[in-house]
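Given the coordinates of chain A, work out where chain B should sit on it, guided by the hints.
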Amino acid sequence: MLIRPRFTDFYGVHIAQNELDFAIPFLNEDIPLYVDPFLLWKSPSYQDKALHQMLLAGFNNLGILVRRGREEEAVEQLMVASECEEVGLGTSQNRQGKRIGAKQALEVLSLFKRIPYYQEHGFRHFEEIQLFVEGIGKDRISDIACNLMKSFLIDYTAQECRELGIALNTIEVAKVYEPGEKKFLPVKTELPVHPETKKPLLLVPKRWLRHTPYINYDDYFREYCPQDDIAHEGEELTCVKVLTYNRDNYGVIDFYVREKERTFEDCKNDPLFTQIPIISARRKLNMIKKLPTGKENGADKAYERAIGELFPSLLYPYLDFAQVQARTDSGVSIRDLIFYSSRNHVFLAELLRDYGSRQITMEMKNVQKIEREHIDQLNRYLTDDLGKFGILITRYPLKNAEFTRTIDLWSGQRKAIIAVTDADIEQMVEVFDSKQRHPLDVIIKKYVEYRRACP
Amino acid sequence: MSLETEADVEKLEKLIRQLHGLHSEISLLAKKSPNDAVNAFKLKLINKVLQAANEVLGDRYKPFADFSLFEFDDLPSNSDVTVVLTQYIQETEGYRSDNIVYSNSEHAWVYQVNGSPSKIETTPPK
Numbered sequence: 000m001l002i003r004p005r006f007t008d009f010y011g012v013h014i015a016q017n018e019l020d021f022a023i024p025f026l027n028e029d030i031p032l033y034v035d036p037f038l039l040w041k042s043p044s045y046q047d048k049a050l051h052q053m054l055l056a057g058f059n060n061l062g063i064l065v066r067r068g069r070e071e072e073a074v075e076q077l078m079v080a081s082e083c084e085e086v087g088l089g090t091s092q093n094r095q096g097k098r099i100g101a102k103q104a105l106e107v108l109s110l111f112k113r114i115p116y117y118q119e120h121g122f123r124h125f126e127e128i129q130l131f132v133e134g135i136g137k138d139r140i141s142d143i144a145c146n147l148m149k150s151f152l153i154d155y156t157a158q159e160c161r162e163l164g165i166a167l168n169t170i171e172v173a174k175v176y177e178p179g180e181k182k183f184l185p186v187k188t189e190l191p192v193h194p195e196t197k198k199p200l201l202l203v204p205k206r207w208l209r210h211t212p213y214i215n216y217d218d219y220f221r222e223y224c225p226q227d228d229i230a231h232e233g234e235e236l237t238c239v240k241v242l243t244y245n246r247d248n249y250g251v252i253d254f255y256v257r258e259k260e261r262t263f264e265d266c267k268n269d270p271l272f273t274q275i276p277i278i279s280a281r282r283k284l285n286m287i288k289k290l291p292t293g294k295e296n297g298a299d300k301a302y303e304r305a306i307g308e309l310f311p312s313l314l315y316p317y318l319d320f321a322q323v324q325a326r327t328d329s330g331v332s333i334r335d336l337i338f339y340s341s342r343n344h345v346f347l348a349e350l351l352r353d354y355g356s357r358q359i360t361m362e363m364k365n366v367q368k369i370e371r372e373h374i375d376q377l378n379r380y381l382t383d384d385l386g387k388f389g390i391l392i393t394r395y396p397l398k399n400a401e402f403t404r405t406i407d408l409w410s411g412q413r414k415a416i417i418a419v420t421d422a423d424i425e426q427m428v429e430v431f432d433s434k435q436r437h438p439l440d441v442i443i444k445k446y447v448e449y450r451r452a453c454p
Numbered sequence: 000m001s002l003e004t005e006a007d008v009e010k011l012e013k014l015i016r017q018l019h020g021l022h023s024e025i026s027l028l029a030k031k032s033p034n035d036a037v038n039a040f041k042l043k044l045i046n047k048v049l050q051a052a053n054e055v056l057g058d059r060y061k062p063f064a065d066f067s068l069f070e071f072d073d074l075p076s077n078s079d080v081t082v083v084l085t086q087y088i089q090e091t092e093g094y095r096s097d098n099i100v101y102s103n104s105e106h107a108w109v110y111q112v113n114g115s116p117s118k119i120e121t122t123p124p125k
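Protein chains in written order, with numbering that gives the first Met the number 0: chain A, 0 to 454; chain B, 0 to 125.
Extracted from the complex, chain A is given alone in its bound form:
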């Protein structure tokens, strides 16, 4: 049983996120990032630029359908395009989303009639629809983009999976946009599937992902919207008023879009994980060192929070952070840090081979002295499923009796528990700063010391 399982871990591919070209999807929830079509537009890659052209052609074809009186077909296409569950991007907790309704689709399509520029030329960046229609946000933009280039994403996913040795299933994908026929058609293809729902999964290149699109309503409202012209003093400036104003004053939007194009170099994809700065790591270390042991004044919570913020950055990119997990053992509340392991480091490959550790569990204990029961709690958690290697993050080195207990666990059950103390964390932060070694080397040192003590 993996904690917060990811697609790759499930299929036995233990490679860290930073080494892969795509964002590793979670199996049971979405990644809180979105495809920004602007990143394709500004990309130096001809492939990405061509895909952007394909997106625009697909979207602007909706306008052509409207002009030819085939509005129902356009509404249907836009509704289909508005949700793309296969990519698992967004904020859903269960990888399911809802399409837009016909009313909202009509509102979007009305832009092709109402705004002369779009009527004549179509959209340069279809993200502009956020600036005219309420309820159209980053999730819709991302989903429409993914749907309109789904045939590319299918090929990309199949190629990446083949390279990684992930099994592909022959499956029918119900609605794939066919640029030749300019409509969504069912396609039989080979894709990986969700192990439980058996629905197809699509992978998305990391370089296309941002938390918010470069062209977005909030940015426009803050920096470019002539707020004084829209609402006079004392009047409430509502979103609806701004959107209505935009429809009647396309010149303002045109200027905004041109400015965004001019400053395209500022548009960068957002990483899936960002390390905390060194100064922040040092602050957290100092805070940890000053904290008293025990629970008084919430010292245990502060300790867990600081470690929880520090370790994912220290151990990146070898260990991807999964989550903080709270569990209860014999009535005692325990908080663990769970990391996805990878084979990209010889030590982690060894842990996977010797202990079956697909994920690494680190239990935080802000105590003066680790007791036997603390070791037993972690020991009970180290099962075949989760792996038999665990780390106690605590304040001081284990006393002889408890250290011997950890050695006995290795002797009897081939389970390894090592303790990482304040002094070790200090060295981890030191090397994080100096870059002379990687903080993971401190964990390795502790493990080597432990194994030398084993019979």
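Since the hints were derived computationally from the structure, they do not count as laboratory data. Some clues are possibly wrong.
[Claimed, not checked] Pairwise CB distance ranges, derived in the manner of DEER restraints:
no.: 1; chain 1: B; residue 1: 82; chain 2: A; residue 2: 452; range: 17 to 27 Å
no.: 2; chain 1: A; residue 1: 278; chain 2: B; residue 2: 59; range: 42 to 52 Å
no.: 3; chain 1: B; residue 1: 31; chain 2: A; residue 2: 279; range: 38 to 48 Å
[What the hints assert, rightly or not] Stretch by stretch, here's where chain A covers chain B in the computed footprint (C-beta under 8 Å, at least three residues):
no.: 4; stretch: 28 to 36
no.: 5; stretch: 69 to 82
Virtual Cβ for every residue (Gly too), placed ideally from N, Cα, C.
Just chain B, lined up with the frame of chain A:
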């Protein structure tokens, strides 16, 4: 252990220079951040010098019976390396002192090679 050839003297002098060079570099780092780890590249160089030192000094002068080289996985810190290099410098000096004599003909301290004073000058014992 004694110096048998002039090549041995050269080897010893090179070793002394290398130990002092490394010591001054690493002790600077140790003053700034004693707990910081030594990177793999430096560690490899340090180990090469220690390897040469172990060969020159032999069991009699080797500072620690159970230490020969740094292990990469032990993550030695700047201060760890400084301590070890200091010990090696002292023992190397002991070895050198035991192999030099004052030459009345040369009016200088010289190495003893194969049991006899050579013409290779050196500094007085420290």
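Checked hints:
Evaluation of the 17 to 27 Å hint for residue 82(B) and residue 452(A) yields a pass: the beta carbon distance comes to about 23 Å. For the pair residue 278(A) and residue 59(B), the supplied restraint of 42 to 52 Å holds, since their beta-carbon distance comes to about 50 Å. For the hinted restraint 38 to 48 Å between residue 31(B) and residue 279(A), the CB-CB distance of approximately 21 Å leaves it violated. For the stretch 28 to 36 of chain B, the assignment as covered by chain A holds, since 4 residues bring a beta-carbon within under 8 Å of that chain's beta-carbons and 3 suffice.
For a cut-off of 8 Å, the count of residues in the stretch 69 to 82 of chain B with a CB near a CB of chain A stands at 5, and the three-residue condition holds.
Comparing the model with each numbered hint stated earlier shows that hint 3 is the single one that does not hold.
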